[in-house]
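Full structure from sequences and hints, please.
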Amino acid sequence: MDDVLYTAAEESEVREYLIFTVDSIDFGIDIGLVQEIIKIQPITSIPNALDFCVGILNLRGTIIPVLDMRIKLGFDAVEYDERACIVVIMLESELIGVIVDMVQDVIRIPENELIDSPPVLSNGRQSYTAKIACTDDKIRQIIDVNTVFCVNGI
Amino acid sequence: MNIDESMLDVYIYETQQLLEALENTLFEGESEKALGSDHINEIFRIMHTIKGASSMMEFEQLAKLAHALEDMFSHIREKGVPDGDWQGIFDVTFSAVSFFNGELAKLQDKSSADGDATDILNMVKAQLERLKKGSPAAVSGESESSAQENMEKLSDGAYMSVLLPGAEEPYYKLKLFFEEGCQMESIRALGVMESIKKACSRIAYIPENLDSDSASAEIVKNGFCVYLQTCENPDVIREIIETTLFLKTYSILPIEGDDEEIPASIRRANNQGDEARRGGNSESGAADNISNEFIAKQNFISVNVNKLDHLLNVVGEIVTAQSMVINNANFGDLDRSGFDAAAQQLHSLINELQDIVMSIRMMPMSTLFQKMRRLVREMAKKLGKNIHLEISGEETEVDKNVIDYLSDPLLHIIRNSVDHGIEDETVRAAAGKPARGKISLEAHTTGSDVIVTISDDGRGLQKEAILKKAQEKGLLTKPVEEMTDKEIFSLIFLPGFSTSSEVTEYSGRGVGMDVVRKNINQIGGSISLDSVEGKGTTHTIRIPLTLTIVDGMRFSVGKTSFIVPTVSVLSAVKPDPKDIITDPEGNEMIMLQGECYSLVRLKDFFNIEEGVTDINEGMCMHISSEDRDFCIFFDYLDGEYQVVVKPLPSYLQQCTSSLSGIGGCAILGDGSINLILDVNGL
Chain A
1 MDDVLYTAAE ESEVREYLIF TVDSIDFGID IGLVQEIIKI QPITSIPNAL
51 DFCVGILNLR GTIIPVLDMR IKLGFDAVEY DERACIVVIM LESELIGVIV
101 DMVQDVIRIP ENELIDSPPV LSNGRQSYTA KIACTDDKIR QIIDVNTVFC
151 VNGI
Chain B
1 MNIDESMLDV YIYETQQLLE ALENTLFEGE SEKALGSDHI NEIFRIMHTI
51 KGASSMMEFE QLAKLAHALE DMFSHIREKG VPDGDWQGIF DVTFSAVSFF
101 NGELAKLQDK SSADGDATDI LNMVKAQLER LKKGSPAAVS GESESSAQEN
151 MEKLSDGAYM SVLLPGAEEP YYKLKLFFEE GCQMESIRAL GVMESIKKAC
201 SRIAYIPENL DSDSASAEIV KNGFCVYLQT CENPDVIREI IETTLFLKTY
251 SILPIEGDDE EIPASIRRAN NQGDEARRGG NSESGAADNI SNEFIAKQNF
301 ISVNVNKLDH LLNVVGEIVT AQSMVINNAN FGDLDRSGFD AAAQQLHSLI
351 NELQDIVMSI RMMPMSTLFQ KMRRLVREMA KKLGKNIHLE ISGEETEVDK
401 NVIDYLSDPL LHIIRNSVDH GIEDETVRAA AGKPARGKIS LEAHTTGSDV
451 IVTISDDGRG LQKEAILKKA QEKGLLTKPV EEMTDKEIFS LIFLPGFSTS
501 SEVTEYSGRG VGMDVVRKNI NQIGGSISLD SVEGKGTTHT IRIPLTLTIV
551 DGMRFSVGKT SFIVPTVSVL SAVKPDPKDI ITDPEGNEMI MLQGECYSLV
601 RLKDFFNIEE GVTDINEGMC MHISSEDRDF CIFFDYLDGE YQVVVKPLPS
651 YLQQCTSSLS GIGGCAILGD GSINLILDVN GL
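The listed protein sequences derive, respectively, from chains A and B.
The first sequence begins at 1 in the working numbering and counts up one residue at a time.
The second sequence begins at 1 in the working numbering and counts up one residue at a time.
Below, in silico cross-link-like pairs of lysine to any residue (SDA-like), each with a Cα-Cα straight-line distance of 20 Å or less: (1) B:K381 with B:E423; (2) B:K125 with B:Q61; (3) B:K559 with A:N48; (4) B:K559 with A:I63; (5) B:K646 with A:E94.
From the derived model, a few chain B residues whose C-beta atoms are all more than 12 Å from chain A: (6) L26; (7) V81; (8) S216; (9) K463; (10) S526.
Simulated from the structure, these hints should not be mistaken for lab results.
Remember, it's a predicted structure, so these values are computed and weren't measured experimentally.
For each residue, glycine too, the CB sits at the ideal point set by N, CA and C.
Written out as structure tokens, the structure is:
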């Protein structure tokens, strides 16, 4: 068994992804970018915020902006239920919090099981989804965090 | 940090101190067009110390240069300056100081001091030659040898010449030890000796030869021993000695006239006086031996700024944590009076701690202003302008960070003033101005802010040129006729604006006033500008004294809580609807104590959904911002807090349409975040 794993790893790099759900669609992000996952807590709204920005949050003394993944990805806003949580992501040198409907699991996906998504959508906007993973009969979209949260992506 | 590095740090620090003192002396001398003998001795001493330290650190070029300067000043001391031609001396010395500073900066950046001093060295030598030729009394060769002789006496000679033979003055024996591992003991010893020399009529010391390699080792082992004769109270000597850096212990003992220990050279002259006093008090010496040993006061230590930053952060967190603890204490039915007293004590201790930390970080602006002085001098020389920089308030103390942030903007503004502001002498004469241009640099504090003004009496800003340029670049947002002077001047702070058509060496390198404003805004400060064409320009920079902790009043609009710095608040009132006036365009104003102020409803300004709209139900606060007084309207006032200011995460700029009016945020005792109102952005 060990041998098999070893060869598989050698053939193709295996990376870990955090799988979360937004509007019943499964997304994944590179676990290396995730600093922690916290439950929903009081968020201070800020004036003149754009719709996807919920406000700011005190994470043990550090102030981080909190964004709503639903709105960012173009879904309608809903009330957060008890399964919703905030994924704290390291974006370049800054931390941001992202509210998702639910966090499922951390899974390992070998590089060769990832399919490149078409780079540009028909409307000319860059796609948020960098890769698509088909494992265990499920389709998961691997999100390119820098594209989603970059200013050019708005 | 290894020994070499710590030694290098000490070398850099001390040399910088010396250079700063040297520059001060030179500036003083330059304004009087001559140096007094005190000043010359001072410069000589500084150069000697730098020479010694540099050669010890094996910075050959620096040592050579210092040596050449030492020669020059030694000659000046002996022979004076013929024809009062001081200017050449100042020029040479200033260039040498720049060279030293440049090399020190390299060392600080961990690169090697590889500059070649040959050019400056030749300049110094040429200057010395000129001096020698110029002294009518002295044949060149003779003066050289006497300068040489004088050198020998000072740097290598053990016994100082007799200055004022005072027969009845008592002798003292002074012995000092330096801190272990402080390095360069012999140079330090020389410094001590030079500084106490002034107060003594005779002086001699052991080890005799401070320039020899073994001197430091001997001082480490046996201490530095000085015999002196003085009419001053020993306390005076003590005072001088206590200013010495890295001094561990010292003792000062009176010694009897016939003491064998006293070197012959200072004893010789007054044998008679000694005879007379020989009898009575020869026994007291031994007893004093013990009681007169002092532990020297350690006056200064240098601390890594990162440590202070860290300390400040921790203190900020303590302030927050303290109010969290106190506000969340729940005793139920238990007696809490003991707790309240303890909490009160904790509170005052933490306040004190905070004040101390803040005061440690405070630095006078003098170093920064000194830098400007150098800049103005250099630039004026190169551009052939005659400019005088007037400095006041350099003792104003501000946070270390503020100084760091302020340095570049100041440099830029002063460069602009010298380069573009002050005209050539001929132009000035034609305009009926004094030939000598004046730039004044002033700092003073008001409450929680430091105000730095830089004004020149140059040509001022040309409104027409600014408008034309702005139009070309498409920076105008409203018709020219409607713009006030202030609005026109503020155009030059826009990115991509620079009226200078040609790039000169000093300004106009594409870095404009927009960068200046950005730098100042970064530390919560602001800059404004006023100018009269033909008369001059005044820049006013306002920056907070410290960057992190403010007293503020908390109030709410809807569900959002804001904190406004207490210094900006003039008063808070319950408004009366009949005091509210609305103009035809719908702008609201309020009458307060006979004055009319515009009223900003924060609910509308920040587009907050909930919140009071009825004037009767809300509150008003009279706010003083930098350029105007106005009133804000909000729901209710919530008390006074001391908060630690945190910058807003920079990513937020991509999440909002506008952050104007918000200066930062603060975490309160209960962990909640409050936004800090930026009154200048409303």
